[in-house]
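Same order as they appear, the protein sequences are chains A and B. All the letters of the first sequence, read from the start, carry residue numbers 1 to 65 under this note's numbering. All the letters of the second sequence, read from the start, carry residue numbers 1 to 65 under this note's numbering.
To be clear, the hints were calculated from the coordinates, so they are not data collected in a lab. Any given hint might turn out to be false.
[To be verified] With a straight-line cut-off of 27 angstroms between C-alpha atoms, the simulated DSS-like cross-links for lysine-lysine are:
(1) A/Lys45 - B/Lys13
(2) A/Lys37 - B/Lys37
(3) B/Lys18 - A/Lys13
(4) B/Lys9 - A/Lys7
[What the hints assert, rightly or not] Residues from chain B shown here face chain A by an in silico Cβ test under 10 angstroms; the list is partial:
(5) Ile5
(6) Ser6
(7) Gln49
[To be verified] Chain A stretches covered by chain B per the calculated footprint, using a threshold of three residues with CB under 8 angstroms from any CB of chain B:
(8) 7-21
(9) 27-38
(10) 42-56
The beta carbon of each residue, even a glycine, is placed where N, CA and C say it ideally should be.
Protein chains: 2
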Amino acid sequence: MEFSISKMKEVIKAETDKRVSREAAEELSADLEQRGKEITQEALKAAEQKGRVTVRAEDIKEALN
Amino acid sequence: MEFSISKMKEVIKAETDKRVSREAAEELSADLEQRGKEITQEALKAAEQKGRVTVRAEDIKEALN
């Protein structure tokens, strides 16, 4: 899994004093990993359209719009 | 920043052979951090409505719907 359980618990714990189950952390990890992949795919299209070999911040921004 | 540049580059590099600028990695990090916070906030509401002290996977799933 791309994002560790401990990192996901850290993200959730930053917002609350509640306990966080391992499965909750895994669920969040899976979602963020999926979103990361989707944004990347869109950003790659943007970079390729411009004939660039580097993915830049503007490509990520374009992917988010 | 919640997600490290190296981790974000890893996510992007898993999808492509292109280079990835530091700013692109920062942009992705900021987006995923924001999404993580939003999902957490929604999941907390779900857990609180049920009077639970633990955030469970079902709360995350509910937040994603």
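Hint check results:
1. A/Lys45 - B/Lys13: 14 angstroms, holds
2. A/Lys37 - B/Lys37: 18 angstroms, holds
3. B/Lys18 - A/Lys13: This hinted pair is violated, its Cα atoms lying about 34 angstroms apart.
4. B/Lys9 - A/Lys7: 16 angstroms, holds
5. Ile5: 12 angstroms, violated
6. Ser6: With a minimum Cβ separation of about 13 angstroms from chain A (threshold 10 angstroms), the hint on B/Ser6 is violated.
7. Gln49: 13 angstroms, violated
8. 7-21: holds (count 12)
9. 27-38: holds (count 8)
10. 42-56: The restraint on the region 42-56 of chain A holds, since 8 of its residues have a Cβ under 8 angstroms from chain B and three suffice.
Violated hints, listed in ascending order, are 3, 5, 6 and 7; each of the other numbered hints is respected by the structure.
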